[in-house]
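Each chain, letter by letter, is given below.
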Amino acid sequence: MFKMTGKKSGAACLAVLFLSSATVGAQEQAPSNDEFAPLVLVRIIPMPDVQGRFDHMAVDNKTGRLYAAVYGNDSVQVLETQRGKRVHIINEGLTKPQMVAYLPDSNRIVVSNEGDGSCKIFDADTYKLLDTVKFADDADQLRYDPITKRVYVGYGDGAIGMFDATTDKRIAGDFELGAHPESFQLEEKGSRIFVNLASISQIAVIDRKTRKIEKWKLEEAGTNFPMALDEEHHRLFVAARRPARLLVLDTDTGKVIASLPGAADTDDMAYDPTRKRIYVPSGEGFIFVYQQIDADRYERIAKIPSAIGARTSAYYGQVGKHNSLYLAVPGRSNRGAELWIYETRD
Amino acid sequence: MCPTRPVYRQRDVVSDQTRLQGKHMKRFLTAALVAFAVILLSALLSAQQGTEKISPTKTVAKEVSESATEPAQRPLVLSGSVPMDGVQGRFDHFASGKGRVFISALGNNTVEVINLFGGIVEHTITGVTNPQGVAFSPEANKLFVASAQGKLYVYDGDSFNLITTLNFEGGADNLRYDAATKRVYVGCGDDEKNGAIAAVDAMTNQRLDEEYKIGGEPESFQLEKSGPNIYVNIPDLRQVAVINRQTKRITRWPLTGLRLNFPMTLDEADHRLFVGTREPARLAVFDTTSGHMIVALPSAEDTDDLYYDAEHKRVYVPGGEGVIYVFQMNDPDHYRLLAKIPTALGGRTAGYFGRLGKGMHRFFLAVPAAGGQSAEMRIYTIQE
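Just so you know, the protein sequences line up as chains G and W, in that order. Letter 87 of the first sequence, counting from 1, is numbered 87 in our numbering, and no numbers are missing. Plus 1000 on top of the position in the second sequence (first one is 1) and you've got our numbering.
For the record, the hints were derived by calculation from the structure and aren't laboratory data. In this text the structure is predicted, and so the values were computed from the model without any measurement. It is possible that some hints are incorrect.
Computed far set for chain G versus chain W, every beta-carbon distance over 12 Å [stated by the list, open to error]:
#1 123
#2 291
#3 345
In the DSSO-like style, the derived pairs of lysine-lysine whose C-alpha atoms are separated by at most 30 Å in a straight line are [said to hold, decoys possible]:
#4 217(G) - 1358(W)
#5 134(G) - 1098(W)
#6 1225(W) - 1358(W)
#7 1358(W) - 212(G)
#8 255(G) - 215(G)
#9 215(G) - 276(G)
#10 1182(W) - 1098(W)
#11 1340(W) - 303(G)
#12 255(G) - 1358(W)
#13 303(G) - 1358(W)
#14 134(G) - 1358(W)
#15 1358(W) - 215(G)
#16 217(G) - 1313(W)
#17 303(G) - 321(G)
Simulated coverage check for chain W against chain G, where a stretch passes if three residues somewhere in it have a Cβ under 8 Å from a Cβ of chain G [to be verified]:
#18 1080 to 1093
#19 1113 to 1119
#20 1375 to 1382
Think of the CB as a built atom: it goes at the ideal place given N, C-alpha and C, for glycine as much as any other residue.
Here chain W stands alone, though its shape is the one from the complex:
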C-alpha cells in the first residue's frame, strides 16, 4: 500500500500539469508559465525525494519479514533457551556428559551445570578463578576444569564436590579427554618455555610424565582417535603443531597469510583439520595426510570454538560478532557457505556433541548477559 500511493500521486500531478499548462499557454505566454513550471518542478522533485526516502526502509522491512517467516536455508533453528540468571561476563568452553552440559563462565568464576532435558541450571560450581576448558570423563565420573590461574580442578561427576587440584605453570586452558587411555590432556603454559600439552590420569588424578613442549601457548587442540596425533593451534607461532604421541616427534604446519588461529576441529574420516583464524576471519581447511592448507574461506569474526557435524558434513563457526557461519562440505576439497545464522553479540563459544538421548541433535551457544538481559544458553535444533 505505502509504495504505490506516492507513485499514483506523481502521475496525477503530471496529467494535471499538462491540462493546466495548455490553458495557461493560451492566456499567459510569458512569466506566469515559467513561475508555474518552477513550482511544479519543485513539487515533483519533492515527491520523488519522498519515494526515494521510503524505498530503502521498505526493502529492509520486507527482508526482515521474509527472513522471519520463510528463510531460504535453515541448518540451525533457534528452538529453546536456558536462562542463566545472575551470571556475569564472558563465557568460555563447553563439555557434556550424563545428560548435562558444562559451561565455563570465565568472567563469573563459576562453572554452570545445565540439565539438558530439564532445560535448567542444575548446579553452579563456584570458587574457580577464570575457568576455561572443561572435560568430563564418564569412566572416572569426574569433571575437570582448567583455570587461567594455573590450576586444574577435579570434581565428582554427581555431587560436584572438589576432589583435588593440580598446578600448571603459566595457566591451564583447553582440555581434551581421551576415553581410550582415560587421560585428560591439558593445554598449559603461556610462553615459549612453558607452553605444552600435558597429561593427567583421570582415574588417579595424577599428572603423568607425558608432556609435549611446543614452544608457545597452546590454544584449541584435537586428539586423533584412529591415530597417534594431537593437532595444536599455536597463534604466537602462527602454526599448527602436530604431535605424534608414539614417536614424540612434533611437525609444524605454517599458517600462510593467516593469524590468530584459536579454535580447531577434526574430521578424521576425511583426513581434514578445520582451523578458525581471527586475522583475517577465515576457516582454514588442512589435509592431515599432507599438512597442506587446501582452502581458507571467509568466516565469522571473533571465533573461539568451532565444530564438525559428521552426520551432515557441516562445520559450525560461532563468532562473537553475533553470527554462526555454517559451511557445507561438498567433498573433502570443496566447501560452501550454507548459512549465516544471526545470534547475539558475544556469542562466541558453543557446544556440539553429536546426537544425544532420544535422538536430540542440538547445537548450544552461550550468550553473555548484556543490556539488562541475563545470560542464556541458546539451543539450536539442527535441520537436514
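So here's chain G without its partners, still in its complex pose:
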C-alpha cells in the first residue's frame, strides 16, 4: 500500500517536473501563461512573410486597428486586433520607417522615415498616400497633439520639428536639441515636452510657451531610449540601457526619485494609469512590469517571458472591450513574425 502511494506521488512529481522543464525549454517557441500574471497572452496574429526589425506602432482606439512600422522591410503592417487578422501592408514611399502616429480627427496615419527624413501621410481606411512632409534627416518619433492639431517629429541630430495636421505644412520654430531625440512625451496639462537624448544620456525639457530648453543630466544610468509620463503624479519614467535601470524622475525638480533594476534591451515603455503600472518590453525576451505603489515607491512585480527580439510594443489603454499591451515579435529561424496581444489583469 505504501509502496503504491510512493510510486504514485513520485510519478506525479516527475510528470509535473517534466511538464515544467518542457515549458522552460519551449520558452522561445511558445509563451507560457500564468493566469495570475499582470499580463496574459490572449492572441497571436501571424505575419509569416515579414522579415527584419519592427519599430514603433500606433493603435486606433475606436476600431482597434494597429499600424506597425517594420524598419527591416520598408513597410507598415495593418492589423485588426479585434478580429485577429492582418488586413493590409503599406509600402508606398516608405524607406526605413520608424514610427506610426494615428490622427483620430482626420482618420489618417503619419509614418516617419529614417531613409529620406520624410513623414508620409496615408488615409487610415484606403491606405492611399495623401501627402509628404519633409524633414532634413532621420524622421523618428512622432507625437500628435489633438488640441493644437500639431504633429511633433523628432529628427536628425537633432531637433523636434512640427507640422500642422490640417494643412500638412511645416510650422517654423524647431526646437534644436544638439543630439538625436529618442522617445519624447507631451504634457497635456502643461506646456512642456520631455525628450530623451540617449546619445548624451540627458533629458531635454522644452517649454512650448517660453521656448526655453532645460537639460537634465542622468548620472547613474543612461542611453535612455524609451520614456513614459504620469502627469497626475508629476512623474517621468525612463528605461536606461546603460546600465539597465528603470528611472523615475520628478517632473517638477528633474531629480531621480527611484531607480530599479531594468530590462537590457528596451525601445518602448508605457504607463497604465488605471492599474498604476509600467510595462517595459525587452529584446532579451521578457516584459518587465512595475507597480507604482505611490508616487515615490515602485516595485517590479513581474518579469513575463516573451520572445527574443520583441522590444517594441504599444499600450493605448481601453480599446473596445479590451485593455491590451501589443507586442511586436520579429521572425526567427524557426518561426515567422507575429503580433502578440496581452490582456492586462489586476
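Mind docking chain W on chain G? Use the hints.
For chain W alone, kept in the frame of chain G given last:
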C-alpha cells in the same frame, strides 16, 4: 509541493509503525512481527528511493528556472536574431562597415550581408568557394573576401559587384585592414614554404612587394596601430610570430604546453595579446613588451574567434561547444571568468566591433543550421 509530499508520508509511516508494533508485540511476539518489520522496511526503502530519484531532477529544474529569470551575472544578453534561411554549413569570419555585418558562410560558398539596423539579410554574395576572412575598407568602399581555394575577391562596397580577384598560393584565410596605410593584409599559404602575411593596396587592388614569410600556415593575426608589429598565430609551429613591419625582423614566442592556437585579439593600451588555444582549451595572455605568457586560463572548447572589449576590459571567447566565455580583466596581470553564456552547438565564429551607431553595443554570433532550424546571426546586447 512535490518534494515535501513523500517526506510527510514517510513520517506517517514511522508513527503508524510504532503504534501497530506495540499491539503486535503484545499479541504475537514471534514470526508475525518479523514479517511485518520486513514489509515495513521494504516500504520505507522504496519510499526513500522514490525521494532520491526525484531530488536530482528537482535540483535541475530549479536551476533552469532560476537561470531563466535571474541569472547572477549577464555580461551578454541574447536580444535578437537575424535568420539566414537556406544557408547551409559552417560559418567563418566576420567584418563590419557602413551599418552592415559581413559573414563568410564557408560551407555555403556565400558571403551574407546583414543590415544591422534592419535586422535583415540585405544581400548574398555568391560564387566564392569556401570564403574565410572578410575585411571592409571604408576609404576604398570595398569588401575583400579570402577564399580557402587561394583567391582574394574584391567587391564594390555598395553594389557588391565583383571588381577583381587576386591569386594566393596555398589558400587565403584571415584578412586585416590597416586604415592608416589603406592596405589589406592577407594570411596566406598552407606550409612552411608559402605560409606568409602578404599585403594588397585597397585603393589600387594591387598586390604589394610587402610580404613576410613566416614558416608555417598563419591563422588569426593582429595589426598594431600604435606600433609596427603584426602578431601571428602559427599553430603548426606552436608559436606566435611577431613581425616588425619597419625592420622586417620576425621574433617568435613559444606556446609552452599549449597547441592549436587559432584565434587572437590585441589590447594595445595594456600591452596584452590574447590567444585562444584548442589543446587544451585555454585563453593565453601574453605581455607584448616581454613576449612572456602571463597566464593561461581554462576557456571555451573549439574556438575560432575571440574579441577584446576595451570599454569593459573583457575578453569574449565563443566556442563551438555552444558557449561564450567572458573574462574580466581586473588588471593587465589578473583575469577572472565572469560568465559562461550558453549559446548553440557550432557557434564558434563571431563579430564584435565596439560601439556602433546610436550607441549600439552588441556582440554577434553565427549559429549554423541544425536539426531543421535554419542558420541565424544572434545578437547579444552587452551589459555593464
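Cross-check of the supplied hints:
1. 123: Label holds. Min Cβ-Cβ 27 Å, cutoff 12 Å.
2. 291: holds (18 Å)
3. 345: holds (20 Å)
4. 217(G) - 1358(W): holds (18 Å)
5. 134(G) - 1098(W): With a Cα-Cα distance of about 24 Å, the restraint between residue 134(G) and residue 1098(W) holds, given a limit of 30 Å.
6. 1225(W) - 1358(W): holds (26 Å)
7. 1358(W) - 212(G): holds (26 Å)
8. 255(G) - 215(G): It holds: about 12 Å lies between the C-alpha atoms, which stays within 30 Å.
9. 215(G) - 276(G): holds (27 Å)
10. 1182(W) - 1098(W): holds (17 Å)
11. 1340(W) - 303(G): It holds: about 23 Å lies between the C-alpha atoms, which stays within 30 Å.
12. 255(G) - 1358(W): Holds, because 25 Å separates the two Cα atoms, which is no more than 30 Å.
13. 303(G) - 1358(W): holds (27 Å)
14. 134(G) - 1358(W): Satisfied, since the Cα-Cα distance of roughly 22 Å is no more than 30 Å.
15. 1358(W) - 215(G): holds (19 Å)
16. 217(G) - 1313(W): Given that 30 Å is the threshold and the Cα spacing comes to 26 Å, the pair holds.
17. 303(G) - 321(G): Distance of about 25 Å is within 30 Å: holds.
18. 1080 to 1093: holds (count 5)
19. 1113 to 1119: That given contact holds, which follows from 4 residues of the stretch 1113 to 1119 of chain W lying within Cβ reach (below 8 Å) of chain G.
20. 1375 to 1382: holds (count 4)
Hint violations for this structure: none, all hints satisfied.
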